[in-house]
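For reference, the chains in residue letters:
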Amino acid sequence: MGTIVGGFMMPHDPTVFINPRKLDNGHLMDAYAEIRRRIVELDATSAVIIGADHYILFTPKCLPQILICLGELNGPVDQLPGLPNRPIPHNPVLAERIFAHAQETGFDLAVARSLGVDHAIGAPAHLCLPEDGSVTAVAVYMASGVAPYLRLRRAYEFGAMVKSAVEAMDRDERVVILGSGGISHWVGTGEMGRTNPVFDRMVLDAIVAGDADALLGLTDEEILREGGNGAMEIRHFLGVMGQCPEGRAK
Amino acid sequence: MSLSAVEQCIFDLGNSGKVRKAYVAEPDAFLARYALDDEERALVRGEDVAELFRRGLNPMLLMGFHMGLHGPASMGEYLKKMPTLASTLGTGE
Chain A
1 MGTIVGGFMM PHDPTVFINP RKLDNGHLMD AYAEIRRRIV ELDATSAVII
51 GADHYILFTP KCLPQILICL GELNGPVDQL PGLPNRPIPH NPVLAERIFA
101 HAQETGFDLA VARSLGVDHA IGAPAHLCLP EDGSVTAVAV YMASGVAPYL
151 RLRRAYEFGA MVKSAVEAMD RDERVVILGS GGISHWVGTG EMGRTNPVFD
201 RMVLDAIVAG DADALLGLTD EEILREGGNG AMEIRHFLGV MGQCPEGRAK
Chain B
1001 MSLSAVEQCI FDLGNSGKVR KAYVAEPDAF LARYALDDEE RALVRGEDVA
1051 ELFRRGLNPM LLMGFHMGLH GPASMGEYLK KMPTLASTLG TGE
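For the record, the sequence lines run as chains A and B.
Numbering follows this note's numbering, with no gaps: position 57 of the first sequence is 57.
Add 1000 to the 1-based position in the second sequence for this note's numbering, that's all there is to it.
It is possible that some hints are incorrect.
[Stated by the list, open to error] Heads up, simulated DSS-like pairs for lysine-lysine below, C-alpha to C-alpha not over 25 Å straight-line:
no. : chain 1 : residue 1 : chain 2 : residue 2
1   : A       : Lys-22    : B       : Lys-1080
2   : B       : Lys-1021  : B       : Lys-1081
3   : A       : Lys-61    : B       : Lys-1018
4   : A       : Lys-61    : B       : Lys-1021
[Claimed, not checked] Cβ pair distances, simulated, as ranges:
no. : chain 1 : residue 1 : chain 2 : residue 2 : range
5   : A       : Gly-82    : B       : Gly-1076  : 23 to 29 Å
6   : A       : Gly-26    : B       : His-1070  : 29 to 35 Å
7   : B       : Leu-1089  : A       : Asp-213   : 22 to 28 Å
8   : A       : Leu-42    : B       : Leu-1089  : 40 to 46 Å
9   : A       : Pro-130   : B       : Lys-1018  : 49 to 55 Å
10  : A       : Val-77    : B       : Met-1075  : 16 to 22 Å
11  : A       : Val-208   : B       : Thr-1088  : 31 to 37 Å
12  : A       : Thr-219   : B       : Asp-1048  : 27 to 33 Å
13  : B       : Ala-1042  : A       : Glu-246   : 54 to 60 Å
14  : A       : Leu-42    : B       : Thr-1088  : 40 to 46 Å
15  : A       : Ser-114   : B       : His-1070  : 28 to 34 Å
Source of the hints: derived by calculation from the structure; they are not laboratory data.
Even for Gly, the Cβ is constructed at its ideal location relative to N, Cα and C.
Next up, chain A with everything else stripped away, as it sits in the complex (with noise of 0.2 Å):
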């Protein structure tokens, strides 16, 4: 049987890592390898990680709401300072599980068969897993940066789903999720810089408590007010705490 060991959150804005006004980053890079060296300690197999497209991987010819992949993996396409674009090791047995599981119980998935990846998942592919390829991911992406957006609840029964489908793997299987993505931010509007502290404190504090509730209640347009374009991405932290919905968070 599988087990989901943990669930994990961290941004992957391409500022961190590109650095443009030369400030120590160190306290986010240690933070990537505090969860490196958490992974390794949960002893896990795999990780599932969610992300989101900013409009580089998929065209308006076709926009996914959740699209996992089958298949090979590698990134970040779009490669900045320290992430260089290469072969991300996957799991296909993880991965075809979790979308066979989806399709038996109502969850219709868009599929890719290899996939490219964005830094939404590059960074913390990169960052956060040990290199020896010993913990192999699965990818997910939903509809948090291009509407139509992905319903806030729908990301939160996304992870519930995976908690199933893992739980019912017939072989020994240690998975973490890992939600990547920020709390308030402004991308590409006249806001860009600008963050919320108030509403950041109200994400994290909610995170913390396990109160998927009080995320779960936003509506979209609060978040863009009070968090901008690039707060949508708290799906992704939704669908961490749908599989553990009795946790909290350190």
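Given chain A, work out where chain B should sit, using these hints.
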């Protein structure tokens, strides 16, 4: 107008150097590939990212379009043109 064809055009220009080359070489011929009306063509030719944003185009797409044409150093110039997201939500600048 639906802006769907504009969205595809801006996506293509923002994500492919080869496409940008074709556009820069012969903008009118390039834009003729898309089902754009005169107003839409003018918005793209004029790189009117502010108006395109007000009409509903994704700001990440517009940022990629502008940076693709003018390089990463043009970020400041791009942001000066851009309205706030709040202004599009009806809460004022």
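Hints versus structure:
Of the supplied pair hints, the one linking A:Lys-22 and B:Lys-1080 holds, its CA atoms being roughly 23 Å apart against a limit of 25 Å. Simply put, B:Lys-1021 and B:Lys-1081 have alpha-carbon atoms about 24 Å apart, close enough for the 25 Å limit, and the pair holds. Straight-line distance between C-alpha atoms of A:Lys-61 and B:Lys-1018 comes to about 19 Å, which keeps the hinted pair within the 25 Å bound. With a CA separation close to 22 Å, the supplied pair A:Lys-61 and B:Lys-1021 stays within the 25 Å bound.
The hinted range of 23 to 29 Å is satisfied by A:Gly-82 and B:Gly-1076, whose Cβ atoms lie roughly 24 Å apart. With their beta carbons about 33 Å apart, A:Gly-26 and B:His-1070 fall inside the hinted range of 29 to 35 Å. In this structure the supplied range 22 to 28 Å holds for B:Leu-1089 paired with A:Asp-213, their Cβ-Cβ distance being about 24 Å. For A:Leu-42 and B:Leu-1089, the hinted distance range of 40 to 46 Å is satisfied, since their beta carbons lie about 41 Å from each other.
Distance hint check for A:Pro-130 and B:Lys-1018: the Cβ-Cβ separation is about 37 Å, which falls outside the suggested range of 49 to 55 Å. Separated by about 20 Å at the C-beta atoms, A:Val-77 and B:Met-1075 satisfy the suggested range of 16 to 22 Å. With their beta carbons about 32 Å apart, A:Val-208 and B:Thr-1088 fall inside the hinted range of 31 to 37 Å. Evaluation of the 27 to 33 Å hint for A:Thr-219 and B:Asp-1048 yields a pass: the beta carbon distance comes to about 30 Å.
Our hint of 54 to 60 Å for B:Ala-1042 and A:Glu-246 holds, since their Cβ atoms are close to 56 Å apart. Between A:Leu-42 and B:Thr-1088, the C-beta spacing of about 43 Å keeps the proposed range 40 to 46 Å intact. Range check, A:Ser-114 to B:His-1070: Cβ separation about 33 Å, and the 28 to 34 Å hint holds.
When each numbered hint is compared with the structure, a violation occurs for hint 9 only.
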